[in-house]
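J.: Letter by letter, the chains look like this.
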Amino acid sequence: MIIVAEQKRIFIEHTLFIIAVILCGILIENTYYLQIMTFIGINTLLALGLNMLMGYAGQVSLGHAAFYGIGAYTTAILSTTFGLSPWIALVCAVGGAIFVAFIVGLPTLKLSGYYLGMGTLGFGMIVNITFREWSSVTGGSSGFVGIPMLELGSILFEAGRSYFFLVWGVVFVAMVLCRRILNSRMGRALRSIHDGENASMAVGVNTHILKLQIFMFSAALGSIAGFLYAHFVMFISPDSFGFMVSVKMVTMVVIGGMASIWGAILGASLLTLLPEVLHSFQEYEMIIFGLILMVVMIFMPQGLTRGLIDIYEHSRKSPKKSV
Amino acid sequence: MQEIIQYLFSGITTGSIYAVIAVGLSMLYSSTELINFSHGEFVMLGAMGIVTTWVHLALPLPLAFVLTVAAVAFMGMLFERLAIRTAKKHQPITLVIITVGASILLRGVAMIIWGKDPFSVPPFSSHDSIEIAGAALVPQSVFIVIAAFILAGAIHLFFKQTLTGKAMVACAVNKKAAWLSGIPSETMGVLAFIISTGTGAAAGIFIAPITMSSYDMGTMLGLKGFCAAMIGGLGSLWGAFAGGILLGVLESLGAGLISSGLKDAIAFILLLLILYICPGGLFSAKISKRF
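Residue numbers (the numbering used here), protein chains in the order written: chain F, 242 to 564; chain P, 159 to 449.
Note that these hints are calculated values from the structure, not bench results. Be aware that one or more of the hints could be misleading.
[Unchecked claim] In the EDC-like style, the derived pairs of lysine to aspartate or glutamate whose C-alpha atoms are separated by at most 16 Å in a straight line are:
| # | chain 1 | residue 1 | chain 2 | residue 2 |
| --- | --- | --- | --- | --- |
| 1 | P | Lys-334 | P | Glu-191 |
| 2 | P | Lys-421 | F | Glu-374 |
| 3 | P | Lys-274 | F | Glu-526 |
| 4 | P | Lys-333 | P | Glu-191 |
| 5 | F | Lys-351 | F | Glu-438 |
| 6 | P | Lys-274 | P | Glu-289 |
| 7 | P | Lys-274 | F | Glu-374 |
| 8 | P | Lys-334 | P | Glu-344 |
| 9 | P | Lys-274 | P | Glu-344 |
Quick caveat: nothing in here was measured; it's all calculated off a predicted structure.
Isolated chain F, as found in the complex:
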């Protein structure tokens, strides 16, 4: 019975999500808003991938922008410099990111706590410096220009409505995929790592392989996000994949609320919208952004989804007490 109810709930959630996306796509006319919604979609993909690693498996990565960048630069180089079809480039980008994640994850994921954070940070910095310094291939710090638009048959994905639907379609597929993984045997094993790695090893979970697999999965999602980003803005530079971007990704996951798929969407939306809103404050933008980050983390360390639910429950309880 519980399983049936759970499936029903998930079905309703998915239907609501699809309706919301279609309504947004049809009703929003303003191209600026559509563009921001598309960016939210790309960031949601990043947050979903990192959330699997951080929220469920409990492994912190401070260098995840590297995979985002690998996805973007692979497709940029293959489709622009070598003139390949972007779809072939997508396969290469995802394959490349998974391969790099395997090579890097093998030794790195043996570390834990701050050491894992520092290891992934170092990896992210090295990848970013490679983008910056290998200028004959990547265009160096001035960036890579002239990335072609995506085409599928007769549909040309321009920056606008069609791209919005493309990105959110991918987000939906990724969401369903994450759900499937989490409700499987693998998902339960993942949560056991989060609660206690030694305990889950004791009951026979091969934690190292599992962590590596989930690292590779989140790298793949990151590189798909990078692919979508590159063909959307058609210009990429190393700054879009630096240390601060990795930190921003971690912040999306934590602010939205770890181990929650809706939390990832909320976190991605907030961190995409916030700089847009703060633009009007001009030079005070950084101060306000930093303050919000600190205040949320000090008062709602469980993230906004959890924090808001707590406040709601608290406010419902307190009137009862007075009665």
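Since the structure of chain F is provided, determine the placement of chain P on it from the hints.
T.: Showing chain P alone in chain F's frame:
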């Protein structure tokens, strides 16, 4: 040969600055188990502080030095009191994001106070450079290296000789046991922040005449400080110091002999190598737990 000596000189100079940054980070980590991602910003505040007090207000150098260090240490205390203390019981990742938020905040404040343009600071001493084996040694470098050693030595003596220092070490070893024997561990935490940000400010003052100082110089310096602290072994004072010098020398040699584009990558390549081969660091006596 002459070139290599020249690279060594500049490597040791920047290395001793990394060393001071690493010592501050490492010390804070061993007494509070916190990695402060805004440490680089306190270094930047030190450099900007000397720009204001010494270059703009034309105060005498020692006074400017003391004023800057005191002001930055005071900000470090405020940071601990307002942000870290209020959120102390939470997971490391929340604390990391709080310090990242603080670093963005401090960078924003510095951008408004000092603007976006970089400043240059004249050298501390106007003596001519000395020539050793064909390589020029600037007196400024000697001054910085000696000052770094004095600073690290002072921290060492503080921990080994004074009661407060010993109490801090006790807190770092076992907080609960220290608390039971009557050491106010909260006060020790604040003190650790004050000393850590104060040494960060000193590092910023040393680096000001070597490079241009601007509001965004902190992040990279902070990250390299981590690398140095990890290379030497997180939590060990002289280990972090040696890690800093080693990092500076290798960076300077790598940039000079191989490629200048490699300069920033060296620190992180070293970091990964250390983490894979001996995560406890090169100079750490005890085998570190990978917790």
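J.: Compare the structure with each hint and give your call.
T.: Tested hints:
As the CA atoms of Lys-334/P and Glu-191/P are separated by approximately 14 Å, the hinted pair is consistent with the 16 Å bound. Under the criterion of a C-alpha separation no larger than 16 Å, the hint pairing Lys-421/P with Glu-374/F is consistent with the structure, at around 10 Å. As the CA atoms of Lys-274/P and Glu-526/F are separated by approximately 14 Å, the hinted pair is consistent with the 16 Å bound. Straight-line distance between C-alpha atoms of Lys-333/P and Glu-191/P comes to about 11 Å, which keeps the hinted pair within the 16 Å bound.
Between the alpha carbons of Lys-351/F and Glu-438/F the distance comes to roughly 12 Å, so the proposed pair stays at or under 16 Å and holds. This hinted pair does not check out: Lys-274/P and Glu-289/P have alpha carbons roughly 37 Å apart, beyond 16 Å. A C-alpha spacing of about 24 Å is found between Lys-274/P and Glu-374/F, which places the hinted pair above 16 Å, so the restraint is violated. Annotation: proposed proximity of Lys-334/P to Glu-344/P holds, straight-line Cα distance about 11 Å (limit 16 Å).
Taking the CA atoms of Lys-274/P and Glu-344/P, the gap is about 37 Å. The hint is violated against a cut of 16 Å.
When the structure is compared with the earlier hints, violations turn up for hints 6, 7, 9 and for no others.
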